[in-house]
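Sequence order for the protein chains is H and P.
Heads up, the first sequence is in our numbering, so the first residue is 1 and it goes up one at a time.
Heads up, the second sequence is in our numbering, so the first residue is 418 and it goes up one at a time.
Hints should not be assumed to be uniformly reliable.
In the SDA-like style, the derived pairs of lysine to any residue whose C-alpha atoms are separated by at most 20 Å in a straight line are [what the hints assert, rightly or not]: (1) P:K553 - H:A15; (2) P:K555 - P:T532; (3) P:K553 - H:N309; (4) P:K555 - H:T193; (5) H:K312 - P:L515; (6) H:K124 - H:A15; (7) H:K312 - P:T532; (8) H:K312 - P:D508.
Worth flagging that the hints you see were computed from the coordinates, not collected in a lab.
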Amino acid sequence: MRLPYELHLAHRNLARHPGHTAAMIGGLGLAVLVMVYIPSTMSSFYNDLIDRSIEQNSAHITIWPMEKSRGQMDHALRNRYGHSTVLAFTDRTFPRHRNLTGRHALSAQASKTSGVVSVASFVKEDATISRGNVNLGAVIEGIEPKQYSRVVNIAGHFPQKRIPKLGPSDIAIGFRMAEKLGIHTGEHIHVATPKTRRLMRVKAIFRSGYYDKDMHHGFVALRTAQRMFGMGNEVSALAVRCRNLEEAGTVSSTLEGRMPNKVRNWMDDNASLLAEIATVNRVTLFINVLVAMVASVGMANVFSMFVFNRQKELAILRAVGASRASLKMILLLEAMFIWVVGTIIGCTLVLGVMAYEQEHPYTVSEETYGIGSYATHPVPEAFVVACALAAVMMVGSALWSGRRAAKLNPAEVIFGR
Amino acid sequence: MLLKVENLDKHFGGDVPLHILRDINLELAEREFLAMIGPSGAGKTTLLNIISTLDAPTGGRVLIKNVDVHRLDQHALNRFRNRRLGFVFQDDLLLPHLTALENVALPARISRRSTRQASRRAEELLEQVGLNDRMKHKPGQLSGGQRQRVNLARALVNEPALLLADEPTARLDQATSQGIVQLLGELNEQLGVTILMVTHERELTNCAGRVVEFLDGRIVSDRSTDPGRRTCTKPLDT
């Protein structure tokens, strides 16, 4: 077999200095570990956050009634209450003015839109929940459990991972609210709306892992909510689920063009979180580039020393006819070997760390982040970027050192002139 | 004529210009064994380096087989050095992490011969220089004389037109030195290898057919040895 002699020499050179070679492989492995781990852990954290706050707690897209302008509001109120009415009311004091009309037609139209998987109507209004002397402001959400769970994955919040059947006097509340009220399943609480005050039985206690929801949220049946808020057959909005999160932007634009409603997607609702993620991603990229640069300088120095220590050998090779390209090739092959082994070790180590984290996840403040713990998941892009950066680093170091090696004057090195 | 050195000059610039070689003219026929002698600093090693293309002349030219070697481009020069020239340096310049066999085979591998071909040729040569039992040894496991023999075998692996030896016995004891020079003489006599050897020990020129003496960068004498007085008589195992 006609293997190039450069490969043979590269292999022998590395085998001859096992400590040196191991140090370079270890250094590169560590650099790869850092370059994979940092973006992966940040990405995992934010993905968990998005998963918890979007996939499990809100719809990809929500279709709301179009908000009326101040002029339209005044006009509507004058028509309803007469011209003598003091127009000091705001939209929020008149829930019925914000109801979504024609929901069935809108729902059918939304369902036919490309990228939409399912649609559910819901009621969402403010109320006060009290037990004894404890009063809590709450958001009451009226849903049709079967339909709604096809849009928002809330079933996982409930015991047995199933949304309980909600009767006309049943309510499901978050565990933090239950703790605050000191109440258990089967006991009763008062729910007051601007229209009614009624006694309701706590049918279930859920745990969303999202602080606000667990503290200030209650689910009731859609029909019950409509009655509580005097909405007749109307609802607050439609919740829409897309094929995937990324499609929400396109789908919401399509819907907005087709219907006279306000259409908001999860990105609009989480703009600050996404901006924060973008900033963190930039910082992560900067850290990675910094790691790659520091590692590159280190590798280039190590390679440079490697070349310096082997000047005589390289000069001998030149003297017996090896070309400059061959010397560069030998160093390049050594670098590629270090790259292959170093990245394999780095990737294996980082996968090991991630596997450990799956067993022992990080604990974070649930009150701050809405998630109690998270573990780093492998992010393929991070592996690709780290391996590519490592390759650039090694090839760069080898070429830089190779250039110096190629410039060696064999006579000067051999005869010491 | 195998080698033709014409009006060769070598000097270094600087505050005090240093003339190493002055108007050197030298010819070497095929199958000749020429020894260049002279005191240290006479310019003989510089001339050898220029002939071997490891150094460049300030003036004049070097023709090997009618090729002006210092006009070759880098690629052609590498090829020429690899295939036409063989080197034996005063230090045993072997790669320490390769075995004797691998060291000898190296120039053949550089000339892109297969591993098998190169190894076979290297084995033959190591046998010829009497190291058939040291093929798998690394340079650190060989004596000075043995290392120089490996060097010699490496220099011959590509069947060069010209073997250049720069004080090949400088680091060796007298007996070993004689052995190496005798081996060179045998290679010349029995295999017809053309040799240009630099030495500063007159007694080591007894195998050479011609002796050129240097002094202060000039050739001061050029004489042929009486064939009857050459003492390289030990038959080479071929």
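Each hint tested on the structure:
1. P:K553 - H:A15: OK: P:K553 and H:A15 at ~17 Å, within 20 Å.
2. P:K555 - P:T532: holds, 18 Å
3. P:K553 - H:N309: violated, 25 Å
4. P:K555 - H:T193: violated, 93 Å
5. H:K312 - P:L515: Between H:K312 and P:L515 the Cα gap is close to 14 Å, so the pair holds against 20 Å.
6. H:K124 - H:A15: It is violated: about 70 Å lies between the C-alpha atoms, which goes past 20 Å.
7. H:K312 - P:T532: Since the Cα atoms of H:K312 and P:T532 sit roughly 24 Å apart, the hinted pair is violated (cutoff 20 Å).
8. H:K312 - P:D508: holds, 11 Å
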